[in-house]
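2 protein chains.
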Amino acid sequence: MPEKFSLGRLFSPSTVAIVGASSNPFVGGHQFTRFFIDHGFQGKFYLVNPASSEILGLKVYPALTAIPESNVDYVISCIRADGVLSLLDDCCQKNVKLVHLFTARLKETGRDKETKLQAEILEKARRLGIRILGPNCMGVYYPKLGLSFNHELPRESGPVGGFFQSGGGAAEFVRYAALRGVRFSKVVSYGNASDIDEVELLDYFASDSETEIIASYIEGVKDGRKFVEALALAAKKKPVIILKAGRGRTGAKLALSHTASLAGSISVWKAALRQCGAIMVSNFEELIDQAVAFAFLPPITGKRVIVAGGGGGKSMVSADVWEEEGFELPDLSAEFRKKLKEKVPALWDWVRNPIDASLFQGTPMVDVNVLEWLSNEDGFDIWVANLTQDDPLPEDIWENILAPNFLNSVTEIKKKGKPAVCVIETGEIGPAEMESWKWRAIAETRRQIVNQGLAVFPSAERAAKAIEKLVNYWTWRESENELS
Amino acid sequence: MPEKFSLGRLFSPSTVAIVGASSNPFVGGHQFTRFFIDHGFQGKFYLVNPASSEILGLKVYPALTAIPESNVDYVISCIRADGVLSLLDDCCQKNVKLVHLFTARLKETGRDKETKLQAEILEKARRLGIRILGPNCMGVYYPKLGLSFNHELPRESGPVGGFFQSGGGAAEFVRYAALRGVRFSKVVSYGNASDIDEVELLDYFASDSETEIIASYIEGVKDGRKFVEALALAAKKKPVIILKAGRGRTGAKLALSHTASLAGSISVWKAALRQCGAIMVSNFEELIDQAVAFAFLPPITGKRVIVAGGGGGKSMVSADVWEEEGFELPDLSAEFRKKLKEKVPALWDWVRNPIDASLFQGTPMVDVNVLEWLSNEDGFDIWVANLTQDDPLPEDIWENILAPNFLNSVTEIKKKGKPAVCVIETGEIGPAEMESWKWRAIAETRRQIVNQGLAVFPSAERAAKAIEKLVNYWTWRESENELS
Numbered sequence: 008m009p010e011k012f013s014l015g016r017l018f019s020p021s022t023v024a025i026v027g028a029s030s031n032p033f034v035g036g037h038q039f040t041r042f043f044i045d046h047g048f049q050g051k052f053y054l055v056n057p058a059s060s061e062i063l064g065l066k067v068y069p070a071l072t073a074i075p076e077s078n079v080d081y082v083i084s085c086i087r088a089d090g091v092l093s094l095l096d097d098c099c100q101k102n103v104k105l106v107h108l109f110t111a112r113l114k115e116t117g118r119d120k121e122t123k124l125q126a127e128i129l130e131k132a133r134r135l136g137i138r139i140l141g142p143n144c145m146g147v148y149y150p151k152l153g154l155s156f157n158h159e160l161p162r163e164s165g166p167v168g169g170f171f172q173s174g175g176g177a178a179e180f181v182r183y184a185a186l187r188g189v190r191f192s193k194v195v196s197y198g199n200a201s202d203i204d205e206v207e208l209l210d211y212f213a214s215d216s217e218t219e220i221i222a223s224y225i226e227g228v229k230d231g232r233k234f235v236e237a238l239a240l241a242a243k244k245k246p247v248i249i250l251k252a253g254r255g256r257t258g259a260k261l262a263l264s265h266t267a268s269l270a271g272s273i274s275v276w277k278a279a280l281r282q283c284g285a286i287m288v289s290n291f292e293e294l295i296d297q298a299v300a301f302a303f304l305p306p307i308t309g310k311r312v313i314v315a316g317g318g319g320g321k322s323m324v325s326a327d328v329w330e331e332e333g334f335e336l337p338d339l340s341a342e343f344r345k346k347l348k349e350k351v352p353a354l355w356d357w358v359r360n361p362i363d364a365s366l367f368q369g370t371p372m373v374d375v376n377v378l379e380w381l382s383n384e385d386g387f388d389i390w391v392a393n394l395t396q397d398d399p400l401p402e403d404i405w406e407n408i409l410a411p412n413f414l415n416s417v418t419e420i421k422k423k424g425k426p427a428v429c430v431i432e433t434g435e436i437g438p439a440e441m442e443s444w445k446w447r448a449i450a451e452t453r454r455q456i457v458n459q460g461l462a463v464f465p466s467a468e469r470a471a472k473a474i475e476k477l478v479n480y481w482t483w484r485e486s487e488n489e490l491s
Numbered sequence: 008m009p010e011k012f013s014l015g016r017l018f019s020p021s022t023v024a025i026v027g028a029s030s031n032p033f034v035g036g037h038q039f040t041r042f043f044i045d046h047g048f049q050g051k052f053y054l055v056n057p058a059s060s061e062i063l064g065l066k067v068y069p070a071l072t073a074i075p076e077s078n079v080d081y082v083i084s085c086i087r088a089d090g091v092l093s094l095l096d097d098c099c100q101k102n103v104k105l106v107h108l109f110t111a112r113l114k115e116t117g118r119d120k121e122t123k124l125q126a127e128i129l130e131k132a133r134r135l136g137i138r139i140l141g142p143n144c145m146g147v148y149y150p151k152l153g154l155s156f157n158h159e160l161p162r163e164s165g166p167v168g169g170f171f172q173s174g175g176g177a178a179e180f181v182r183y184a185a186l187r188g189v190r191f192s193k194v195v196s197y198g199n200a201s202d203i204d205e206v207e208l209l210d211y212f213a214s215d216s217e218t219e220i221i222a223s224y225i226e227g228v229k230d231g232r233k234f235v236e237a238l239a240l241a242a243k244k245k246p247v248i249i250l251k252a253g254r255g256r257t258g259a260k261l262a263l264s265h266t267a268s269l270a271g272s273i274s275v276w277k278a279a280l281r282q283c284g285a286i287m288v289s290n291f292e293e294l295i296d297q298a299v300a301f302a303f304l305p306p307i308t309g310k311r312v313i314v315a316g317g318g319g320g321k322s323m324v325s326a327d328v329w330e331e332e333g334f335e336l337p338d339l340s341a342e343f344r345k346k347l348k349e350k351v352p353a354l355w356d357w358v359r360n361p362i363d364a365s366l367f368q369g370t371p372m373v374d375v376n377v378l379e380w381l382s383n384e385d386g387f388d389i390w391v392a393n394l395t396q397d398d399p400l401p402e403d404i405w406e407n408i409l410a411p412n413f414l415n416s417v418t419e420i421k422k423k424g425k426p427a428v429c430v431i432e433t434g435e436i437g438p439a440e441m442e443s444w445k446w447r448a449i450a451e452t453r454r455q456i457v458n459q460g461l462a463v464f465p466s467a468e469r470a471a472k473a474i475e476k477l478v479n480y481w482t483w484r485e486s487e488n489e490l491s
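So the sequences go chain by chain: A and B.
For the first sequence, the working numbering assigns the number 8 to the initial residue and increments by one for each residue that follows.
For the second sequence, the working numbering assigns the number 8 to the initial residue and increments by one for each residue that follows.
Here chain A stands alone, though its shape is the one from the complex (with noise of 0.2 Å):
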């Protein structure tokens, strides 16, 4: 009988070969090779292409046997699906343990040969003690050993982990919130999940200590009991974010076609979530902020927001966006109110919150930065700073003044322990406002806040969305400890 290996084993190869390495830009093998080379792969790895002695400079072995190791641990097969039953056989003559297909075309076909195909490569596979991860899938991400699955992802890691049936939505995933500033333990695309499944990788996840919150895309599950056990004890260790695909008509016909999935009733999934405490989200803008949430801000179990920035027209927009989603805004307190009567007698019983920053202007408060004020204030669980861009002053005063006036009290909110939330607008810039001074000045503000860790949402809703659901969750946490 083979050794047993944990998919974190599995997941920490020494030696990784890429079988149908190529030099075809378009295509996986190739593809591949340059995550590899970018990314500085920690361990070793190989190239096999019997068609070709040099890719990107590296040197290219005609078959995984000809490999010079008497290991290697993962292989990585960018190969068309009726070599990879053979391909099985170099795997256990160099005692791989985990092969990766990238390799697709198989069951999500809906054809007879392909499907049967899939179940012999499995059954071969186990027989030799070799685990599958898919077919049809972009495998791992890793990058505290530089694994990668899509080029330029972040090269440090976090505490976000996340399993994947979609390795396109497992890249845009990782991209997009890497802009928000989020890292990766690790993701795992597992496409067609003949082995390695939703279950098996939810569990690992849950127990995994790189991993503090779990983000998934699954489009179906095997077994529905299964699934269902495995989310009730992970969700009580760490958050789990559910983008749940195949949710309509369409969609359930596609997760078949995609990855062979049966999407089952959604009304079934939201029930079953719910009960297990598992957060679900619709889109993939949505699983992005739920997990910026969680990554920037400590468990918060209040709803009651203050807000702060931008002039009269943000300021109602978003006390009404807030107080849509379920949060309320209290009132200032009489201290902070105390403080601005001595400053601006002619405003104190007029600011409210949220504070229009608009009605400051040509009072002594210009002098004031509000924001750390209200970073003294208590009585509220969390703090939004909106940024607004659209006041028209000039460059030095927004690098010397604005800019660093944002950062430092948003920055001291946090340093407080008090959960701050910052609101920035991103346009759809083009060429040209890239080489102006303010959209890079905003550019460059919004980096520097979520470079100090900083919760930062496009809008307020988004804001307001994920942070609804953050709170549910926490609350949950608590009654359940309290329960048990």
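Please keep in mind that the hints were generated in silico from the structure rather than gathered at the bench.
Mixed in with the good hints, there may be bad ones.
Pairs count within a copy or across copies, as identical chains cannot be separated in the list.
[Claimed, not checked] No more than 30 Å apart at the CA atoms, straight line, and that leaves these computed lysine-lysine pairs for DSS-like:
id, residue 1, residue 2
1, 151, 260
2, 277, 260
3, 51, 422
4, 277, 310
5, 245, 422
6, 260, 310
7, 229, 120
8, 120, 66
9, 101, 260
10, 120, 350
Starting from the known structure of chain A, arrange chain B on it as the hints suggest.
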């Protein structure tokens, strides 16, 4: 009796004076001066301030009456509220027709003295035959004339007109919608609406031949019945999009202190807007999306969508999102399938709507522009093209193949008279990404598509939400026409 002028005449001044012009960059009197210089105001403009002789290189007059013109059409008042009554006397001497009171701290303070002063100003202005815009507002952006209320707003004109009770909201709307290609006839910020109010503005934009689509931000209305009457007439002529602010408890209180408005019951608002055929939105993003939809899409009355582009995950979530907004995704035509069968026998029965473009990798279909094929499809109401950004292809392939293919084919769909919608994500890019070829290339491609007059949305959800409201509007208009 002084002559009566229409708003159209009032908003087209030949001579403007900025009273309270200033060299302090933090105050309106400076900012308006800059806006006029930057935007190249077509008429003459004069600066007035008894304490200055030169601002930004321009001569400053000690009083309005010192200006060497017998007529000044339009005055922008940036002075304190207590100077406005005597300013009106000077205005009368110069035959001023419209005073835009950027001046604030009047009724919105909620205080008796200021409320009384606002009433006195209005009464005196009426007596002198002078119309008042505001107080507490940013005034008029009229690109054709070079009138502006913020920096760097588009110089070209376009079909969207608007009236906004929030000046910051008006600027945010114009700036961000402009990045999506929207251009404006004129946009008016009207603040406390002491004289020129929402009803007069709505009537004006409804009959303004330069305006095809009306966008508005309203906190409260003075006369609900009159407003509903005006709205019912306007919505039959052109789309009227309303962002109603002050929907919740906090917002209602804020409306009083922001523009002295009574917010009114949100359920009454919803019912009234529905009955009139107006389009209600909840935040600035939705307002912008709705303007984009109406500006770049023809009157669509059906909900059959075809979606292409992106991998399986993006396709599935797109399908879910469009279906959840009430659209359907019918299957591809027999003709399309026949062409597909000729080119890729292995895929023809497998590819569905939405089309997972990643399936074509490594097949002869990579040489085919699928979107171009799709442009010949009939039986759909909306063509949606997802631009995926996660492909790991190198710069030359992106630049020479992918981007031009995408641009040409969506343009082609539009040329064939079919409504084309592009979904292109907007990442929170920072200064480093602005230097990377990939993010620049995405921005460049997006800008080219926008410049072709195509509707571009940052997510499937935002596209579906806005287009759902567009379809409902045109369906309602069609039924109204059948009835009448």
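Now the hints, each set against the structure:
Taking the shortest Cα distances, residue 151 and residue 260 never come within 30 Å of each other, neither inside one copy (37 Å) nor across copies (52 Å). Taking identical chains as interchangeable, the C-alpha atoms of residue 277 and residue 260 lie at most 30 Å apart only when both belong to the same chain, with a minimum of 19 Å there against 37 Å between chains. Taking the shortest alpha-carbon separations for residue 51 and residue 422, neither the intra-copy value of 42 Å nor the inter-copy value of 53 Å comes in at or below 30 Å. Proximity of residue 277 to residue 310 under the C-alpha cut-off of 30 Å is found in both arrangements, the shortest distances being 23 Å within a copy and 26 Å between copies.
Proximity of residue 245 to residue 422 under the C-alpha cut-off of 30 Å is restricted to the intra-copy arrangement: shortest distance 24 Å within a copy versus 52 Å between copies. Taking the shortest Cα distances, residue 260 and residue 310 sit within 30 Å of each other only across copies (19 Å), while inside one copy they are farther apart (40 Å). For the identical chains of this complex, residue 229 and residue 120 are intra-copy neighbours only, at 21 Å inside a copy versus 72 Å across copies, given an alpha-carbon limit of 30 Å. Proximity of residue 120 and residue 66 under a CA criterion of 30 Å is satisfied in neither setting, with 35 Å inside one chain copy and 85 Å between copies.
Taking the closest pair of Cα atoms, residue 101 and residue 260 never come within 30 Å of each other, the shortest separation being 40 Å inside a single copy and 73 Å across copies. Only between protomers do residue 120 and residue 350 lie at most 30 Å apart by alpha-carbon distance; the minimum there is 21 Å, versus 79 Å within a single protomer.
In summary, the structure is inconsistent with hints 1, 3, 8 and 9 from the numbered list given earlier, while agreeing with the others.
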